[in-house]
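*Asks:* Put chains B and C on the given structure of chain A with help from the hints.
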Amino acid sequence: MDNELTQSITNNLFTINNLWMMIATALVFIMHLGFASLEAGLTRSKNTVNILFKNSIIPAIGIITYTLIGFNLMYPGEGYAGAFFGLSGLGISTDAAGLTPEYNLGYTYWTDFLFQAMFAATAATIVSGAVAERIKLSSFLLFSTLFVGIIYPMVGMWKWGGGFLDSMDTPFYDFAGSTIVHSVGGWGALTGVIFLGPRIGKYVRNKISPIPGHSMPLAAIGVFLLWLGWFGFNGGSVLSADPGLVSLVLVTTSLAASAGAVAAMISSWLFLKKPDITMVLNGILAGLVGITAGADLMGPVSSVLIGLISGTIVVFSVIFFDKIKIDDPVGALSVHLVCGIFGTLAVGIFGDKAGFNQFLSQLIGVISTAVFVGSATSLIWFIIKKSMGIRVSPEEETEGLDLGEHAMEAYPDFEKVS
Amino acid sequence: MDNELTQSITNNLFTINNLWMMIATALVFIMHLGFASLEAGLTRSKNTVNILFKNSIIPAIGIITYTLIGFNLMYPGEGYAGAFFGLSGLGISTDAAGLTPEYNLGYTYWTDFLFQAMFAATAATIVSGAVAERIKLSSFLLFSTLFVGIIYPMVGMWKWGGGFLDSMDTPFYDFAGSTIVHSVGGWGALTGVIFLGPRIGKYVRNKISPIPGHSMPLAAIGVFLLWLGWFGFNGGSVLSADPGLVSLVLVTTSLAASAGAVAAMISSWLFLKKPDITMVLNGILAGLVGITAGADLMGPVSSVLIGLISGTIVVFSVIFFDKIKIDDPVGALSVHLVCGIFGTLAVGIFGDKAGFNQFLSQLIGVISTAVFVGSATSLIWFIIKKSMGIRVSPEEETEGLDLGEHAMEAYPDFEKVS
Amino acid sequence: MDNELTQSITNNLFTINNLWMMIATALVFIMHLGFASLEAGLTRSKNTVNILFKNSIIPAIGIITYTLIGFNLMYPGEGYAGAFFGLSGLGISTDAAGLTPEYNLGYTYWTDFLFQAMFAATAATIVSGAVAERIKLSSFLLFSTLFVGIIYPMVGMWKWGGGFLDSMDTPFYDFAGSTIVHSVGGWGALTGVIFLGPRIGKYVRNKISPIPGHSMPLAAIGVFLLWLGWFGFNGGSVLSADPGLVSLVLVTTSLAASAGAVAAMISSWLFLKKPDITMVLNGILAGLVGITAGADLMGPVSSVLIGLISGTIVVFSVIFFDKIKIDDPVGALSVHLVCGIFGTLAVGIFGDKAGFNQFLSQLIGVISTAVFVGSATSLIWFIIKKSMGIRVSPEEETEGLDLGEHAMEAYPDFEKVS
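Chains as they are written, first to last, in the numbering used here: chain A, 1 to 418; chain B, 1 to 418; chain C, 1 to 418.
Bound conformation, chain A alone (with noise of 0.2 Å):
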């Protein structure tokens, strides 16, 4: 009786653990819409189709090519075949015992594939915003479809599937992705954008002039929705319900985006003299990104610390980036790739695991993806530029990509401002 008893409650916390891992599914999708909206509010009317369009196809293929390939590329798990490289099979598919807590006591072999399937296709995500306003369709679909389904695994498991970068002496720590997927994204979009080029337009004679997006309230609902999300993207990466481990998750990550707003508030009206809605956006995703590595290992102070870090970082980024020359419409490098390495180094700095020994791991899985993701990226563009072509003609890119890529508009209705 006993034994039964025992079964009937741990079957019962398996239930409640699958259940949050869930709704973190349906949070982590829900940051689809988020980038989707931020990248069209950020970037220009006559654009806005094309980026819909983007956001709205990269969820799917990368749910099915993570369906194809990736989820065994990421989790070789007993195919495992290598500190780099392993792939356990083709598909996705379980037996009766993949429903049950013999599999994990945390969620359901189809809770973990599609849990992991919606972080996937986030990664490819970041890319879009930075390679927006000039880059082809079919080039950009061709690059995604490689990314998600194969680079982004592939570092992955490096860390979250066992491979060297979670064997060594002191393992990489990196909780919820702020390099494997944030920089692993970052650097695929600096990588584009470097063979891209800056947006016609964007620096004339030596000078920078500003292209502003064409909706605030859109960038803003992308905020709040991406906010929204990482409650499950950073609380669904505790892996179960764990009702201390959760909460102190969802905490720390919400004291570093408020306090990434208010530093970037403050830094912007400091320095750019008045008070920058879309420097407070970016500042509440640079504290987000920011803690994502160790948002289970924070306290409160160091929460708030590392996101008024990340605020005043991404501020700077921004302005930096502009510097030279290197044009990302909606400040995805700044937010993803600088506050994804500082969140990485971050876990050496602050809280549980601060030292010395985990500084130097976190800087080797920064490098090691750096490298890596810069490397395979660019071969990736270089063939698509030299072959299909990487970059819309000026003619289209004038007139809008909305009309060269889809002969539609995203606001028929309204006059523009020519």
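Because the hints were derived from the structure by calculation, they are not lab data.
Take every hint as true, because none was put in to throw you off.
Identical copies look the same in the list; a pair holds intra-copy or inter-copy alike.
Derived DSSO-like pairs (lysine-lysine); straight-line CA-CA distance at most 30 Å:
hint, residue 1, residue 2
1, K325, K274
2, K274, K202
3, K416, K273
4, K207, K323
5, K274, K386
6, K385, K273
7, K385, K274
8, K386, K273
9, K323, K274
10, K207, K416
11, K416, K202
12, K207, K385
13, K325, K273
14, K274, K416
15, K325, K202
*Replies:* Structure of chains B and C alone, referenced to chain A:
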């Protein structure tokens, strides 16, 4: 002691199950915002207030009528009175047992009611999009009240309330409502569109003039929220937090949505020459509607196939309805009616219940629904048309329903393209 | 062994309860996006960046000040120092017990903090809408910081922290904050509006000129998100996942919102001649605010009545405030203050606690809040007005606060109606 422990364990499971069902209820609720955004985005800005008005008041009317009569019509239970129609009383109330596992291990009486009430309102919302831009507000409100209060619950009872479709030798199967919700809404939409006729300017001298929607971001927001809501619509239809089954349903739902998007992208690129964002958005919805009848019966491959077929069907269906001059501004007929029928039949073709007898039963369900909802709504539309009128004046239609029905504008600050 | 089993069962219940409270926290968080969208939609496009800025930074400031002092002011607990004011320390932290059922069977210390912090920020957001389109950003930020950091938690303590309203013979009852949150915000808004005066052009030569909001879709998105968030606001106020109580609360909440919408539709159709979308949207909110004080005490009929009354009140209240030249651009006073008072009194009129003594206690709560928040916020507004000024210059107001305060436009791509 053991009995007490067993009871506590059961109560915990009840609490978990009920928690999931409440969250699913909230997710289905947010589908109303999804429909509001999608329909507003795919129509012209001069009719936006009217769309928003309808989609704001329908959930309210739906919840109230479901309280008064709908819940008892759809789930007559003890008061059950026959295979086609039954009514167990008026209003909602429960004794203490309704709040315990005695009522149902999956949910309380209140949760049961609210989850089903949120479902009911979606059926009326489906009609709203198809009849947009020319229907009189008062006529629409009267129709919707009858539709959500009586027609929808009657058909729902046939299957979910234990009626004749459920008691056939091979019972009709409709997991979350490809027929019971989506086709029911679709038939009400089709008869409405026929009684109304096309919008002015849509079909002139045998030419089809596209009337583009006024905001693609709104449309995209709508579809993402609908996908999110579908996690509750399908996932909640498990009627408990069963880890294996709910997580499977979320996976099949997401795979079908993704495959629908990809198929619609490819179809529109090949046949319309350009990758069309509205087709991709409707492709997502098509996949969702298609999987809904059998979301718990399919594996990954079947789900992808159902999504691919639905996403292809929707593109050609939109073209077809335009060819035969059935003017549906948002594609609701193609998504909810056509893919609802396909999804229902797919239960007999793919997955755990595939087989000739099942296919026949599915066909019986499809046809019964068509006959009853088609006739009943035709009668209602006919009476409305003859008595109070169904359509606004040509002047009002040309000027826009926002000014005519509401004396307001949706965007008073912006210059419109004349 | 039995002890261990009992402990595991308790831990499971704790995990379920805490899970619901975390989800409720996320739902309350999304109310901030709801307020941002609603307020932006109901005001002019030249002030949209300013609205979004305020509503983005307030949750951040709210969470930070609640961390520093608010949580300890509102829930002094052991450090409790009196009936009107108490403070148990600064900052947030917990020992291991704070993560177990020892702290509370419903949630961990961290969840407790974050749920309450999300509540706190909503109070300041209520002010934001009423004072929109003419308040100086820096003055508003200073006010909000004091309001959310000190005023709100002080009043909250009177009831929820065990203060004098909770220890009366017939304790004041306010389930989720019709008074403690909504009226508190409402009084701060009323004094702010009085100190500010009406917007330029609103009341000219004793005539009321309507100033329509610039985006009805944004307003509708806002209200739907607020309704969604209210599932967490009211449902989370049960402070556990208790199946019967939480599901009842979701039902009463939805019925009141629905009835509020219907009543506002009918009232506006009858008295304003046209069915007004902004009235329906505010009717939903009115119903939600009205049910909030007694959402756990009402049955379906009482909930519908409360919703109908609230939805009627809000229409006439909006007209009334305009008559007496209290200029509230978004109707926040009518929704949060007036319906907050009605909802609080309704606890003495309808439902399980109805009775004369309870009505008196409710009145005492309403009056104490009015007196304290009215005076305290008047003092703050007065000092701000005399020192740094409270209102932007007439030139800036006419040109719009987006250019004046932020040197940005919300929609730079679109032609504005001059």
